[in-house]
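Protein chains in written order, with our numbering: chain B, 54 to 229; chain Y, 151 to 411.
Just so you know, the hints here were simulated from the structure itself, not pulled from any lab data. Predicted model, so just to flag it, every value in this text is computed and none were measured. There's no promise every hint is true.
To be verified - List of simulated lysine to any residue pairs, SDA-like, C-alpha gap at most 20 Å:
1) 99(B) to 239(Y)
2) 361(Y) to 376(Y)
3) 99(B) to 229(Y)
4) 92(B) to 202(Y)
5) 202(B) to 216(B)
6) 185(Y) to 344(Y)
7) 185(Y) to 264(Y)
8) 92(B) to 222(Y)
9) 295(Y) to 309(Y)
10) 202(B) to 221(B)
11) 99(B) to 199(Y)
12) 99(B) to 225(Y)
Said to hold, decoys possible - Partial selection, computed: residues in chain B whose CB lies under 7 Å from chain Y:
13) 68
14) 90
15) 97
C-beta: ideal position from N, C-alpha, C; glycine also.
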Amino acid sequence: MSLRIAAAEAAANPLIPHTAELVVGAIAFGLLFMVLRSKVVPMFEKAFTARTEAIQGGIEKAERAQREAAEALSQYTSQLTEARGEAQKICEEARTQGAAIIEDLRAKAQEEAGRITAAAHASIEAERQQAITSLRNEVGTLATELASKIVGEALDDQVRQSRIVDRFLEDLEKSK
Amino acid sequence: MRSLQMTGTGGGFVPPSTADFNLPPIFGHNVYTTKPIFLVILSVVLVSVFFIAASRKAAIVPNKLQFAGESIYAFVRNDLARDVIGHEFMRFVPYLFTLFTFILTNNLFGIVPLLQFPAMSHVSFPYVLAIFTFVIFHAVAIRKKGLMPYLKEIMFMPGVPKPVYILLTPIELATFFVVRPLTLSLRLFANMFAGHLLLLVFILGGDHLLKGVIGLKLISPFAFAFGIGLTFFEFMVQCLQAYIFTLLTALYIAGALADEH
Chain B
54 MSLRIAAAEA
64 AANPLIPHTA
74 ELVVGAIAFG
84 LLFMVLRSKV
94 VPMFEKAFTA
104 RTEAIQGGIE
114 KAERAQREAA
124 EALSQYTSQL
134 TEARGEAQKI
144 CEEARTQGAA
154 IIEDLRAKAQ
164 EEAGRITAAA
174 HASIEAERQQ
184 AITSLRNEVG
194 TLATELASKI
204 VGEALDDQVR
214 QSRIVDRFLE
224 DLEKSK
Chain Y
151 MRSLQMTGTG
161 GGFVPPSTAD
171 FNLPPIFGHN
181 VYTTKPIFLV
191 ILSVVLVSVF
201 FIAASRKAAI
211 VPNKLQFAGE
221 SIYAFVRNDL
231 ARDVIGHEFM
241 RFVPYLFTLF
251 TFILTNNLFG
261 IVPLLQFPAM
271 SHVSFPYVLA
281 IFTFVIFHAV
291 AIRKKGLMPY
301 LKEIMFMPGV
311 PKPVYILLTP
321 IELATFFVVR
331 PLTLSLRLFA
341 NMFAGHLLLL
351 VFILGGDHLL
361 KGVIGLKLIS
371 PFAFAFGIGL
381 TFFEFMVQCL
391 QAYIFTLLTA
401 LYIAGALADE
411 H
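Chain B on its own, in the form it takes in the complex:
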């Protein structure tokens, strides 16, 4: 019994390698190595590279977008400032122009008023002249007529005289 166990243990010394296992182990490991090296490792590396690139690309894209946005913002801000300045300038100009126009209009109105006044004066003067002239003519005529009438009658009698005047005036009225 103890002999048999001792014999079995000697046969199964676990530190002695078996040729068959050494051969199969080496071939199996070599085969697995070739499969993993040619088929698996390159594919995983490809996936890793693609992933890294995708992430890097995404970051770069985001950075570019951010940069563009910042640029646009600064551009808009500057444009806005510019526009604000422009508006102020336009306002100022308009105010100045308005003042000038008002001044101009006032001057024109004054001038017009002066002109109208002058024209009115001239017209009045002319009318006055005309009236004076026509009055003078009329008075002359009347005086001449009256004188001829008076001369034509006897001028000694007061009553007569007044009658002549009355008649003259009546004639005058009638002739009117």
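For chain B, the structure is supplied; the task is to place chain Y on it using the hints.
For chain Y alone, coordinates are given in the frame of chain B:
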């Protein structure tokens, strides 16, 4: 085989021994048809199929399968290869990746129902892997530094008083050419071997107790519970050993690439 032994010894409990690892060929006397050999071949098929399926699309946004495969790959690539080896790491990623997945899968076979045998508990497989690592890290160092400067660097560590070389040179030589490959393979082998033996003890023991008298029957569930607990523990050890083997390989390669060691 175990059941044969049980009946052969008339019901007396035979504790599991190293003989339990000596599995006979499945087909006749062909030594290429043992269970560990089939398991190793199965592991190659499983790992290849899984990772080819996971990496086939190489999509920027991975699906669940690709994510799972990528996580394992990225762990080996970044946490083991890149962090340990440095800027030249990419050359060694395929080897370290193969090493990790191959060892991990074969270790995990130890607790997968129906398979339940860690192929790495057969020392031949750790030997093969240790030889590969041994050859690679020496080849890397010789290519980087040249044969004689490399040997000189190992034998005569700079900055040490001359008499110390009497002690240091043999130790360094032994470290680089014997201890490293030997510890690398034996650590993996012994962990898998001991773990499997431990599971056998508790589960076969529980089974044996169940056949005993009533008092022993009551103890049996505790043995099984312990066996289950140890299975979880084994899972941890299996992952850890795959990690350690790969990490040490990466460290040896890093040492071979470094100017001073």
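Going down the list of hints, with the structure as the test:
no. : hint             : verdict
1   : 99(B) to 239(Y)  : holds, 17 Å
2   : 361(Y) to 376(Y) : holds, 18 Å
3   : 99(B) to 229(Y)  : holds, 19 Å
4   : 92(B) to 202(Y)  : holds, 7 Å
5   : 202(B) to 216(B) : holds, 11 Å
6   : 185(Y) to 344(Y) : holds, 18 Å
7   : 185(Y) to 264(Y) : holds, 12 Å
8   : 92(B) to 222(Y)  : holds, 16 Å
9   : 295(Y) to 309(Y) : holds, 19 Å
10  : 202(B) to 221(B) : holds, 8 Å
11  : 99(B) to 199(Y)  : holds, 19 Å
12  : 99(B) to 225(Y)  : holds, 16 Å
13  : 68               : holds, 6 Å
14  : 90               : holds, 4 Å
15  : 97               : holds, 5 Å
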